[in-house]
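Visitor: Sequence:
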Amino acid sequence: MAVKLNATKRENLTKSATKEIRLSGKIPAVVYGKEKESKSVVIDSIELVKTVRDEGRNAIISLDVENDGAVDVMLHDYQIDPIKDQLIHADFYVVNMSEEMDVAVTLRLDGEAQGSKDGGVLQQPLYEIQVRAKPGSIPEEISVDVSALEVGDSLTVADIPTEGSYEILDEQDTTIATVVPPTTEEDFETDTDENAEPELVGAEKEDKE
Numbered sequence: 001m002a003v004k005l006n007a008t009k010r011e012n013l014t015k016s017a018t019k020e021i022r023l024s025g026k027i028p029a030v031v032y033g034k035e036k037e038s039k040s041v042v043i044d045s046i047e048l049v050k051t052v053r054d055e056g057r058n059a060i061i062s063l064d065v066e067n068d069g070a071v072d073v074m075l076h077d078y079q080i081d082p083i084k085d086q087l088i089h090a091d092f093y094v095v096n097m098s099e100e101m102d103v104a105v106t107l108r109l110d111g112e113a114q115g116s117k118d119g120g121v122l123q124q125p126l127y128e129i130q131v132r133a134k135p136g137s138i139p140e141e142i143s144v145d146v147s148a149l150e151v152g153d154s155l156t157v158a159d160i161p162t163e164g165s166y167e168i169l170d171e172q173d174t175t176i177a178t179v180v181p182p183t184t185e186e187d188f189e190t191d192t193d194e195n196a197e198p199e200l201v202g203a204e205k206e207d208k209e
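Okay, so the sequence shown: first residue is 1 according to full-length UniProt numbering, each after it adds one.
Simulated from the structure, these hints should not be mistaken for laboratory data.
As the structure is a prediction and not an experimental result, all values here were calculated from the model.
Idealized CB from N, CA, C, for every residue including glycine.
Just so you know, not all the hints are guaranteed correct.
Unchecked claim - Simulated DEER-style distance windows between Cβ atoms:
no.: 1; residue 1: Ser40; residue 2: Thr183; range: 25 to 35 Å
no.: 2; residue 1: Val30; residue 2: Gly136; range: 40 to 50 Å
no.: 3; residue 1: Val49; residue 2: Asn12; range: 32 to 42 Å
no.: 4; residue 1: Leu23; residue 2: Thr162; range: 16 to 26 Å
no.: 5; residue 1: Gly152; residue 2: Ser98; range: 41 to 51 Å
no.: 6; residue 1: Lys4; residue 2: Gln123; range: 39 to 49 Å
no.: 7; residue 1: Glu37; residue 2: Ser147; range: 47 to 57 Å
no.: 8; residue 1: Glu150; residue 2: Glu66; range: 55 to 65 Å
no.: 9; residue 1: Gly152; residue 2: Leu126; range: 14 to 24 Å
no.: 10; residue 1: Arg132; residue 2: Asp85; range: 27 to 37 Å
no.: 11; residue 1: Ser147; residue 2: Leu23; range: 48 to 58 Å
Said to hold, decoys possible - Quick list of in silico lysine-lysine cross-link-like pairs, BS3-like style, CA-CA up to 30 Å:
no.: 12; residue 1: Lys15; residue 2: Lys34
no.: 13; residue 1: Lys134; residue 2: Lys9
no.: 14; residue 1: Lys84; residue 2: Lys26
no.: 15; residue 1: Lys4; residue 2: Lys134
no.: 16; residue 1: Lys134; residue 2: Lys117
no.: 17; residue 1: Lys117; residue 2: Lys9
no.: 18; residue 1: Lys9; residue 2: Lys19
no.: 19; residue 1: Lys26; residue 2: Lys15
no.: 20; residue 1: Lys39; residue 2: Lys50
no.: 21; residue 1: Lys50; residue 2: Lys4
no.: 22; residue 1: Lys26; residue 2: Lys4
no.: 23; residue 1: Lys19; residue 2: Lys39
no.: 24; residue 1: Lys15; residue 2: Lys84
no.: 25; residue 1: Lys117; residue 2: Lys39
no.: 26; residue 1: Lys36; residue 2: Lys9
Please take these sequences and the hints and turn them into a complete structure.
Guide: Pasting the structure below:
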């Protein structure tokens with residue numbers, strides 16, 4: 001079920017109007033889609049942030065535009081003010097609930113790897129998975145249990161459990177998690193000794209003189 005978000009039409013596109021919109025706690029946004037005419041709207045910044053935080057980045061949003069009815073959309077892109085760290089613009093893509101689409105889904109590693117308990121280091125080279133699914137079947141995130149991984153073991157895309165009505169698009173042999181051997185203090189000292197500058201012969205004698 002789509003979560004509802006209200007919006008109003010944006011008629012005045014001048015910079016001064018945009019500034020006023022942001023000062024009021026709202027942001028300008030654009031709604032567009034395949035064979036759809038783009039619309040400029042205004043939405044509440046706090047409500048959008050709350051919606052994405054609660055429902056996830058790939059949530060289906062029923063965007064109810066004042067005097068224009070509701071439409072199913074997904075947050076496609078957004079802009080953040082790098083200085084104030086505030087949301088300043090958003091793009092919404094109109095979705096067809098019966099058509100598949102390609103999206104990025106967060107990959108989460110669950111559990112504590114046995115190799116980590118034994119002193120190894122768990123590394124995660126991939127944090128997002130590309131999937132293809134109908135909008136209503138897009139998972140909020142995909143989780144993989146790594147508790148059985150020993151030092152030297154790794155997991156690939158092929159090891160991701162196939163649950164839900166979606167297709168994973170990444171290459172099957174792409175590594176998603178691995179446990180590398182620990183770097184011991186002895187190894188560090190050896191590396192330090194090898195990289196140290198050679199001692200100057202006779203330097204100590206010259207200093208004393």
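Visitor: Now tell me if each hint is right for this structure.
Guide: Hints and how they fare:
Checked against the hint of 25 to 35 Å, the pair serine 40 and threonine 183 fails, with Cβ atoms roughly 54 Å apart. A hinted range of 40 to 50 Å for the beta carbons of valine 30 and glycine 136 is inconsistent with their spacing of about 23 Å. Taken as a hint, the range 32 to 42 Å is violated for the pair valine 49 and asparagine 12, whose Cβ atoms sit roughly 24 Å apart. Judged by the Cβ atoms, the range 16 to 26 Å given for leucine 23 and threonine 162 is violated: they are separated by roughly 49 Å.
Separated by about 46 Å at the C-beta atoms, glycine 152 and serine 98 satisfy the suggested range of 41 to 51 Å. In this structure the supplied range 39 to 49 Å holds for lysine 4 paired with glutamine 123, their Cβ-Cβ distance being about 40 Å. Between glutamate 37 and serine 147 the C-beta distance comes to about 51 Å, which sits within the given range of 47 to 57 Å. Between glutamate 150 and glutamate 66 the C-beta distance comes to about 58 Å, which sits within the given range of 55 to 65 Å.
Between glycine 152 and leucine 126 the C-beta distance comes to about 19 Å, which sits within the given range of 14 to 24 Å. Judged by the Cβ atoms, the range 27 to 37 Å given for arginine 132 and aspartate 85 holds: they are separated by roughly 33 Å. A hinted range of 48 to 58 Å holds for the C-beta pair serine 147 and leucine 23, which are about 50 Å apart. The straight-line distance between the Cα atoms of lysine 15 and lysine 34 is roughly 28 Å, inside the 30 Å bound, and the hint therefore holds.
Straight-line distance between C-alpha atoms of lysine 134 and lysine 9 comes to about 28 Å, which keeps the hinted pair within the 30 Å bound. For the hint linking lysine 84 to lysine 26, the alpha-carbon distance of about 15 Å falls within 30 Å, and the restraint holds. Between lysine 4 and lysine 134, the direct Cα distance comes to roughly 19 Å. Compliance with the 30 Å bound is thereby established for this hinted pair. For the proposed pair lysine 134 and lysine 117, the alpha carbon gap of about 40 Å is over 30 Å, so the pair is violated.
Proximity of lysine 117 to lysine 9 is assessed by CA-CA distance (about 56 Å); at most 30 Å being required, the pair is judged violated. With a CA separation close to 16 Å, the supplied pair lysine 9 and lysine 19 stays within the 30 Å bound. At roughly 14 Å between alpha-carbon atoms, lysine 26 and lysine 15 fall within 30 Å of each other, so this suggested pair holds. Of the pairs offered as hints, the one joining lysine 39 and lysine 50 holds, with about 23 Å between alpha carbons and a cut-off of 30 Å not exceeded.
For the hint pairing lysine 50 with lysine 4, the CA-to-CA distance comes to about 12 Å; that is within 30 Å, so the pair holds. Under the criterion of a C-alpha separation no larger than 30 Å, the hint pairing lysine 26 with lysine 4 is consistent with the structure, at around 16 Å. Annotation: proposed proximity of lysine 19 to lysine 39 holds, straight-line Cα distance about 19 Å (limit 30 Å). Taken as a hint, the lysine 15 and lysine 84 pair is honoured in the structure, with Cα atoms around 18 Å apart against an allowance of 30 Å.
The straight-line distance between the Cα atoms of lysine 117 and lysine 39 is roughly 54 Å, outside the 30 Å bound, and the hint therefore fails. Restraint check for lysine 36 and lysine 9: the C-alpha separation of about 16 Å stays at or below 30 Å, so the hint holds.
Of the numbered hints stated above, those contradicted by the structure are hints 1, 2, 3, 4, 16, 17, 25, listed in ascending order.
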